[in-house]
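Participant: Residues per chain are reported as follows:
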Amino acid sequence: MNNKNSRRILVSGNEAVGEAAIQAGCTFYAGYPITPQNELTAYMSRRMSETGGTFIQAESELAAINMVFGASAAGARAMTSSSSPGISLKQEGISYLVGCKLPAVIVNMMRAGPGLGNITPAQGDYFQATRGGGHGDYRTIVLAPSSVQEAFELQILAFDLADKYRNPVILLGDGTLGQMMEPLTLHPTPYTLHATQKPWAVTGCKEREPNVIRSLFLKEGVLEEHNKKLQKKFAEIEKKEIRYEEKNTEDAEVILVAYGTVSRICQAVMEKARRKGAKVGLIRPITLWPFPYGMINKLADLKKKFLVIEMNYGQMLEDVKLAAEGKSKVKFYGRGGGGIPQEEEIMTELLHFSLS
Amino acid sequence: MKDENNKEKIKSLRNVPMHYCPGCGHTIAHRLICEVIDELDIREKMIGIAPVGCAVIAYDYWNFDVTEAAHGRPPAVATGIKRVEPDKIVFTYQGDGDLASIGTAEIIHCANRGENISVFFINNAIYGMTGGQMAPTTLIGQKTATTLTGRDIKRDGYPLKICELLALLPGAKYIERVALSSAENIRQAKRAMKKAFQTQIENKGFSLVEILSPCPTNWRLSPAEAMKWIDKKMTSYFPLGVVKDD
Ligand SMILES: Cc1ncc(C[n+]2csc(CCOP(=O)(O)OP(=O)(O)O)c2C)c(N)n1
Ligand code: SF4
Ligand SMILES: [Mg+2]
Chain A
188 MNNKNSRRIL
198 VSGNEAVGEA
208 AIQAGCTFYA
218 GYPITPQNEL
228 TAYMSRRMSE
238 TGGTFIQAES
248 ELAAINMVFG
258 ASAAGARAMT
268 SSSSPGISLK
278 QEGISYLVGC
288 KLPAVIVNMM
298 RAGPGLGNIT
308 PAQGDYFQAT
318 RGGGHGDYRT
328 IVLAPSSVQE
338 AFELQILAFD
348 LADKYRNPVI
358 LLGDGTLGQM
368 MEPLTLHPTP
378 YTLHATQKPW
388 AVTGCKEREP
398 NVIRSLFLKE
408 GVLEEHNKKL
418 QKKFAEIEKK
428 EIRYEEKNTE
438 DAEVILVAYG
448 TVSRICQAVM
458 EKARRKGAKV
468 GLIRPITLWP
478 FPYGMINKLA
488 DLKKKFLVIE
498 MNYGQMLEDV
508 KLAAEGKSKV
518 KFYGRGGGGI
528 PQEEEIMTEL
538 LHFSLS
Chain B
146 MKDENNKEKI
156 KSLRNVPMHY
166 CPGCGHTIAH
176 RLICEVIDEL
186 DIREKMIGIA
196 PVGCAVIAYD
206 YWNFDVTEAA
216 HGRPPAVATG
226 IKRVEPDKIV
236 FTYQGDGDLA
246 SIGTAEIIHC
256 ANRGENISVF
266 FINNAIYGMT
276 GGQMAPTTLI
286 GQKTATTLTG
296 RDIKRDGYPL
306 KICELLALLP
316 GAKYIERVAL
326 SSAENIRQAK
336 RAMKKAFQTQ
346 IENKGFSLVE
356 ILSPCPTNWR
366 LSPAEAMKWI
376 DKKMTSYFPL
386 GVVKDD
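Respectively, the protein sequence lines represent chains A and B.
Each position in the first sequence, counted from 1, maps to that position plus 187 in the working numbering.
Each position in the second sequence, counted from 1, maps to that position plus 145 in the working numbering.
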C-alpha cells in the first residue's frame with residue numbers, strides 16, 4: 188500500500204486508532220477517562236474540534252455508550268473507547284445496540300483485572316468480547332491488532348463492518364498496543380468507505396413514514412423472528428469475515444497460537460526456534476469473533492500440535508480446543524495480572540511440548 | 146382511550162387504541178405532547194425517545210421518529226441524537242423510576258451540559274410497569290408493593306424533588322411542574338409542554354416539564370379519586386408552577 192505520497196509518522200497505538208476513526212468518517216466520540224487509553228480520548232477531543240465533529244467527555248461509560256447509541260441512531264459514524272472496567276459498564280449499551288441493529292465501534296485497550304486490577308496490559312476480556320459480553324444472545328465482531336499500523340487499518344475496517352452489518356464492532360487491544368510508539372504509514376487518499384445510506388436512522392420523518400428503533404418485541408413469536416434474523420446475520424459474518432495470519436504452518440510440528448501484542452513475542456520465538464531447526468509455526472487470529480475454527484481444524488487433521496499463548500489464564504485456549512476437536516494436542520501457556528509471557532518461557536514450553 | 150376524532154385532529158398521534166389502564170396519565174400526556182407538536186408544526190423534525198416503564202411502547206402511538214433507550218438512559222441517547230442532528234427537535238419521555246432513580250446521573254449531567262433538548266418527566270409516585278413498587282418520588286407514608294406500611298424516611302429516605310434539584314444547574318433554562326388533575330391543570334400542562342419545545346426551538350438550552358400523573362391501578366383508587374389524590378397529597382410536596390425560566 189506504500190506509494191510516494193505516503194507519509195510516515197511516529198505515534199502511539201491510541202493515537203493511531205483515533206486518527207483512523209477520523210479518516211473513517213467518524214463524527215461522534217463519547218468517552219470517560221481510564222488508563223491505558225487516555226491518549227485516545229485526548230486525541231479525539233483535539234481532532235473532533237478540528238474536523239467539526241462532536242467530542243463529549245461523558246459522566247460515565249454508561250452515558251458514553253448510550254450517547255453513541257443516540258448518535259448512531261441518528262445516522263452518524265460513532266465510537267467510544269475505554270479499558271476493561273469501563274467496558275464492563277458499556278455492556279448494557281452494547282446489548283441494546285445489537286438488539287436495535289445499530290452500528291458502533293467500541294475500542295477496548297485491555298488492562299489487568301478482575302475488579303480494579305491495575306493498569307498493566309492483559310488479555311483477560313477475551314470471553315467478554317467474543318461471547319457477546321452483555322445480556323441476551325448475540326455476538327460482536329472483534330478485531331485484534333498486533334501493531335500500531337494494523338490498529339490503524341483495523342479501526343477503519345471496524346467502521347465499515349459496523350455499518351455493513353448494522354452491528355457493534357469491538358477493536359480489542361491491550362495497554363501495550365495503546366501506549367507503544369511505532370511508525371505509522373498514512374495514505375494520502377482518503378480510505379474509500381462503504382458510503383452507507385442509512386434509511387433506517389431517526390432524523391425526522393420529512394417525506395417518509397416515521398422510523399422506529401427498538402429491541403423490544405412483545406407480540407408472541409416476533410422476538411424469536413427478530414433473533415433468527417440476528418443469528419442469520421451472525422452466520423453470514425462467520426462465513427465472510429474471518430481474518431487471520433498464518434506463518435510456517437505447512438511443515439510445522441508445533442503451531443503457536445496467539446493474538447495481539449503477545450503474538451509478536453511468539454513471532455520472535457518462532458524465528459529463533461526455526462533457526463535452531465525446530466519446525467514451529469504461528470497462527471495469529473485477527474478476528475477473534477468470528478474465530479478461524481475451520482483452518483485450525485484442518486491443521487488438527489494433520490496432527491499438528493497447538494501451543495496457545497495468552498496474557499490471561501486460558502480463554503482463547505477454549506476456542507482452539509473447540510477447533511481442534513480433540514484430534515491433536517493443545518497446550519497452553521499464559522500469564523495474567525500484568526505478567527507478559529517472555530520469549531524464554533515460551534521457548535521452554537515449546538521444547539517440552541515438542542518432546543511430549 | 147381511543148378517540149374517534151383523533152384521526153383528523155392530531156397528526157402526531159396514531160389512531161390506535163392505547164394499552165394504558167383507564168384513567169392513566171400517560172394517555173393524557175401523550176395526547177398533549179402530540180397536540181403541541183401539531184400546533185408548532187414540527188412533527189417532521191421530531192425525534193422522540195421512549196423510556197422503559199409503562200410508556201415503553203410509546204412509539205406505537207406517536208406518529209414521528211422514535212427510538213427506544215435502555216432504562217434511565219434517554220438523556221444520554223438524546224444527547225447523542227441532538228449533537229448529530231442539532232436542527233431537529235429532540236425530547237425524552239421518562240417515568241420517575243427511569244429519570245429519578247436509575248437515570249439520575251444521566252439527567253443531571255444532561256441538564257448540566259445544557260443540552261438543547263426537552264424532557265417530559267412523568268411523576269406518578271410509583272413504578273407502574275413492574276407492579277407498583279416504591280419510586281424515588283413516592284410520598285412519605287405512601288403504601289406500595291415494597292413499602293407495605295408506607296414509605297418510611299428512616300428506611301427509604303425522602304421523595305426526590307427533581308425540578309428543584311435541576312433548577313440549581315445553570316444549564317437548565319426552563320423547568321415547570323404541572324399536574325394532570327383537572328381541566329385547568331391539563332391546559333396548563335399543555336402550555337408548559339409548548340414552552341419547553343419553544344425553549345429548544347429558540348436554542349436556549351435544557352427544558353423539563355414534570356407532570357404529576359395519575360396511576361389509578363397502583364394507587365388502588367378510581368380514576369376520579371386518583372385525580373383528587375394528586376391535588377390533595379402530591380401537590381403539597383411537589384408544588385406546581387414554574388420553577389425556573391431563564
Ligand atoms: C436495567 C433495568 N432494571 C430494571 C428494569 C425493570 N423495570 C422496567 S420499568 C421499571 C420502572 C418503571 O417505573 P417508572 O419509570 O416510574 O415508569 P412508570 O411505569 O411508572 O410509568 C423497572 C424497574 C429494566 N427494564 N431494566
Ligand atoms: S400501571 Fe399505572 S402508569 Fe401503568 S398504565 Fe396502568 S395506570 Fe398507567
Ligand atoms: Mg412511575
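Don't read these hints as lab results, they were simulated from the structure.
Heads up, the beta-carbon is just placed ideally off N, CA and C, and yes, glycines get one too.
Just so you know, not all the hints are guaranteed correct.
Claimed, not checked - Below, a list of computed lysine-lysine pairs in the PhoX-like style, where the Cα atoms sit at most 25 Å apart:
(1) B:335 x A:385
(2) A:393 x B:156
(3) A:385 x B:190
(4) A:434 x A:393
(5) A:463 x A:426
(6) A:426 x A:288
(7) A:351 x A:463
(8) B:190 x A:288
(9) A:485 x A:427
(10) B:349 x A:288
(11) B:306 x A:393
(12) B:378 x A:393
(13) A:427 x B:339
(14) B:190 x A:466
(15) A:393 x B:340
(16) B:299 x B:233
Said to hold, decoys possible - Now the stretches of chain A that chain B is said to cover, found in silico as 3 or more residues with beta-carbon under 8 Å:
(17) 309-322
(18) 388-402
Said to hold, decoys possible - Here are the computed distance ranges between Cβ atoms for each label pair:
(19) A:407 x B:380: 39 to 47 Å
(20) A:387 x B:391: 36 to 44 Å
(21) B:384 x A:425: 55 to 63 Å
(22) B:381 x A:386: 45 to 53 Å
(23) B:329 x A:314: 43 to 51 Å
(24) B:329 x A:387: 37 to 45 Å
(25) A:427 x B:160: 19 to 27 Å
(26) A:440 x B:275: 17 to 25 Å
(27) A:524 x B:259: 41 to 49 Å
(28) A:305 x B:386: 47 to 55 Å
(29) A:530 x B:247: 32 to 40 Å
(30) A:410 x B:381: 37 to 45 Å
(31) B:275 x A:543: 54 to 62 Å
Participant: Now tell me if each hint is right for this structure.
Facilitator: Right, here's what the structure says about each hint:
A distance of roughly 34 Å separates the Cα atoms of residue 335 of chain B and residue 385 of chain A; the hinted pair therefore is violated under the 25 Å criterion. The suggested pairing of residue 393 of chain A with residue 156 of chain B holds, with an alpha-carbon distance near 13 Å, which does not exceed 25 Å. The straight-line distance between the Cα atoms of residue 385 of chain A and residue 190 of chain B is roughly 17 Å, inside the 25 Å bound, and the hint therefore holds. Distance restraint check for residue 434 of chain A and residue 393 of chain A: the Cα-Cα separation of roughly 54 Å exceeds the 25 Å cut-off, and the hinted pair is therefore not satisfied.
Between residue 463 of chain A and residue 426 of chain A, the direct Cα distance comes to roughly 38 Å. Violation of the 25 Å bound is thereby established for this hinted pair. Taking the CA atoms of residue 426 of chain A and residue 288 of chain A, the gap is about 19 Å. The hint holds against a cut of 25 Å. For the suggested pair residue 351 of chain A and residue 463 of chain A, the alpha carbons sit about 46 Å apart, so the restraint of at most 25 Å is broken. Taking the CA atoms of residue 190 of chain B and residue 288 of chain A, the gap is about 23 Å. The hint holds against a cut of 25 Å.
For the given pair, residue 485 of chain A sits about 18 Å from residue 427 of chain A by alpha-carbon distance, which is consistent with the 25 Å threshold. A distance of roughly 33 Å separates the Cα atoms of residue 349 of chain B and residue 288 of chain A; the hinted pair therefore is violated under the 25 Å criterion. The suggested pairing of residue 306 of chain B with residue 393 of chain A is violated, with an alpha-carbon distance near 38 Å, which exceeds 25 Å. Annotation: proposed proximity of residue 378 of chain B to residue 393 of chain A is violated, straight-line Cα distance about 44 Å (limit 25 Å).
Taking the CA atoms of residue 427 of chain A and residue 339 of chain B, the gap is near 51 Å; set against the 25 Å cutoff, the hint is violated. This hinted pair does not check out: residue 190 of chain B and residue 466 of chain A have alpha carbons roughly 65 Å apart, beyond 25 Å. Restraint check: the Cα-Cα separation between residue 393 of chain A and residue 340 of chain B comes to about 23 Å, which is no more than 25 Å; the hinted pair holds. At most 25 Å may separate the alpha-carbon atoms for a hinted pair to count; residue 299 of chain B and residue 233 of chain B exceed this at roughly 45 Å.
Beta-carbon proximity to chain B at under 8 Å applies to 0 residues in the region 309-322 of chain A; the threshold of 3 is not reached and the given coverage is violated. Check on the region 388-402 of chain A: 12 of its residues sit with their Cβ under 8 Å from a Cβ of chain B, so the three-residue criterion for coverage holds. Range check, residue 407 of chain A to residue 380 of chain B: Cβ separation about 42 Å, and the 39 to 47 Å hint holds. Look at residue 387 of chain A against residue 391 of chain B: about 37 Å separates their beta carbons, and that is inside 36 to 44 Å.
Residue 384 of chain B and residue 425 of chain A have their C-beta atoms about 59 Å apart, which keeps the hinted 55 to 63 Å range intact. The hint said 45 to 53 Å for the Cβ distance between residue 381 of chain B and residue 386 of chain A, and at roughly 51 Å that hint holds. Between residue 329 of chain B and residue 314 of chain A the CB atoms are about 59 Å apart, so this pair departs from the stated range of 43 to 51 Å. Restraint check, residue 329 of chain B to residue 387 of chain A: a C-beta distance of roughly 42 Å satisfies the suggested window 37 to 45 Å.
Between residue 427 of chain A and residue 160 of chain B the CB atoms are about 44 Å apart, so this pair departs from the stated range of 19 to 27 Å. Checking the proposed 17 to 25 Å range against residue 440 of chain A and residue 275 of chain B shows it is violated: the Cβ atoms sit about 60 Å from each other. For residue 524 of chain A paired with residue 259 of chain B, a C-beta distance near 43 Å keeps the hint of 41 to 49 Å intact. The given range of 47 to 55 Å is respected by residue 305 of chain A and residue 386 of chain B, whose C-beta atoms sit roughly 52 Å from each other.
Hint check: residue 530 of chain A to residue 247 of chain B, Cβ distance near 49 Å, so the stated range 32 to 40 Å is violated. A hinted range of 37 to 45 Å for the beta carbons of residue 410 of chain A and residue 381 of chain B is consistent with their spacing of about 44 Å. One distance hint, 54 to 62 Å for the beta-carbon pair residue 275 of chain B and residue 543 of chain A, holds here, with the actual separation near 57 Å.
Checked against the numbered hints above, the structure breaks hints 1, 4, 5, 7, 10, 11, 12, 13, 14, 16, 17, 23, 25, 26 and 29 and satisfies the rest.
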